[in-house]
Each structure stands twice: as structure tokens, then as C-alpha cells.
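Engineer: Sequence:
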Amino acid sequence: MNDRVEVRKTYKLFIGGAFPRSESGRTYEVHDTDDKFLANAAKASRKDGRDAVLAARKGFGAWSSATAYNRGQVLYRVAEVMEGRRDQFIADVQAAEGLGDKKSARVVDTAIDRLVWYAGWADKYAQVLGNTNPVAGPYFNFSIPEPTGVVAAIAPQDSSLLGLVSVIAPIVVTGNVVIVVASTLRPIPAITLTEVVATSDVPPGVINVLTGDPAEIAPWLASHGDVNAIDLTGVTSAELAKNLEVEAAGTVKRIRRPAQPNWLATPDLGHLRSFVETKTVWHPLGA
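Those letters in the sequence shown? Residues -3 to 283, by the numbering used here.
Keep in mind that the hints were calculated from the coordinates and are not lab data. Any given hint could turn out to be false.
What the hints assert, rightly or not - Now the in silico label distances, taken between C-beta atoms and shown as ranges:
id: 1; residue 1: Pro16; residue 2: Gln84; range: 20 to 26 Å
id: 2; residue 1: Glu241; residue 2: Arg46; range: 17 to 23 Å
id: 3; residue 1: Ala35; residue 2: Lys99; range: 20 to 26 Å
In this text, all values refer to a predicted model and were calculated from it rather than measured experimentally. Idealized CB from N, CA, C, for every residue including glycine.
Make the full structure from the sequences, and use the hints.
Structural biologist: And the structure:
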């Protein structure tokens, strides 16, 4: 007879490369699709969101100034470590989304492949999104994409891993940093991903993950003056989306609110274009 008592997990937030508890001390229970208890997750507060913004801003300088090739290598490393923990991700997705073995494996494999896809574009998207402009006069004129800065994102509520990866990857590969609010009811795949990020050469502050209620956390991120853009992909409430757009308008943030996508479909460069700014440079011709 085995009298061992199972050690129940309490997952933490991921801010600045560390795993802090919520400053509020709050947690909430996470259940699978059969309502079986899985773990406790930290319930992030406004203060946690502010800490995440500080960590993201601190990490932005080094990440945005890293070479595009290096950013691609780091993202590829995340995919490598995910591949090594593939079975765990499959189990997490099964519990979170109630999918069968084959569908869960397909979701995980697609998430890993998506990271590789974006990693491959790291040092190529500038050639596609940038250009040399024909101008009158003895000048070179170039337009090149640059990262927007700190991006807050609301992860999809139904696609706990693939949707999350599809939101994060195009943001960070272009040199931005991200604060993402994970799926409220299905946060465990996102938490497992943070454990991968922490051991995959991703600099502190580049990817920050909060768990909890987007309706509580997102308005503070949307109105924060040091957040440059917000991705509302995971917002399912039209009223909440409208409120966040109003909050974001106060500091003239870039807002992305796409229609609900098919996460299994092949991505396109539109996602990369969403959070880059175009800088145009004039340079006189030599003699």
C-alpha cells in the first residue's frame, strides 16, 4: 500500500527571468476538462503587471540591439528545449484542452515548428519589410523596420500552447519584448513554456508571463505609459476589448485586434509587421 501524499504544485509568475509569487499572495485552482484538480496558479495583480513592465523595459535595450541572427538562434534554442520536453507538453495540452493523443501531439509539434519558422525569419524579414526608396537628388534613401518596444499581449483562452507561441514568437523575433497574460483556465502549458524559456538563453525580461484574470490585469497594462503596444488576440469580450482600446488610446499605443485565427494554419509575415516601426534614413551620395 502506498501512503504517499501527492505534492500539489503551486505555479508562480515569470517576470524578469525569475519565478516570483504574486505580491498579493493570491492563487487560484486550475482544473482539467473533467474538473479534476491539476495545480494552483498565481493570480497576478496590478503590482505584478507593473513589475513585469519594469523588467521588460530593462530587457528591451539588450534584446533590440542584439543581432537578428542571434535572436533567431535564441528562438531556435527554445524550440530545441521544447522538443526535449515534448511528452510533457503533450500531457499538459491534453489536460488543458481535452484533446486526444494525436491531436495533442499535432498541437505541440506545430508549436515547435512555428518557433523554428519565426527563428528562420529573424535575419530575413528586414529585407522583405524594408526597401530602398527612389528619391530625387543625390541621396540614398532607406526604409528599415525597427521594434516597437514593450508589447503587452493577451494570450488566446482556448489555445493554451500553440496560440500562445503564435502570439509571442513574432513579437520577440523582431526585437520587441513581451508581457503576456496566459489563458486563465488553461495556464499550465504557458507555465511549462516559461520553464523552457528560463533555460534557453532568452535574456531576462524579454518574455514575461502572468497568470490570472485578463479583465483585472490588462487595463493597467493598456494604460501604462511604458507599454508601447498591445495585442488583444485573446480578448473574447467585446466590451473588454473596447475598454482596453480606450485605455491604450490615452498613451497612443499600437493596437492589434485580429479576428479569431486558425492556429494550425501556416503563419504569414503580417504578424511580424504588426509590431515594427518603419525608420527612413537619408544619406548623401559620395563624390
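Engineer: All hints are to be evaluated individually against the structure, with a verdict given for each.
Structural biologist: To see whether the hints hold, each was checked on the structure:
no.: 1; hint: Pro16 - Gln84: 20 to 26 Å; verdict: 23 Å, holds
no.: 2; hint: Glu241 - Arg46: 17 to 23 Å; verdict: 21 Å, holds
no.: 3; hint: Ala35 - Lys99: 20 to 26 Å; verdict: 22 Å, holds
The structure is consistent with each of the numbered hints, conforming to all of them.
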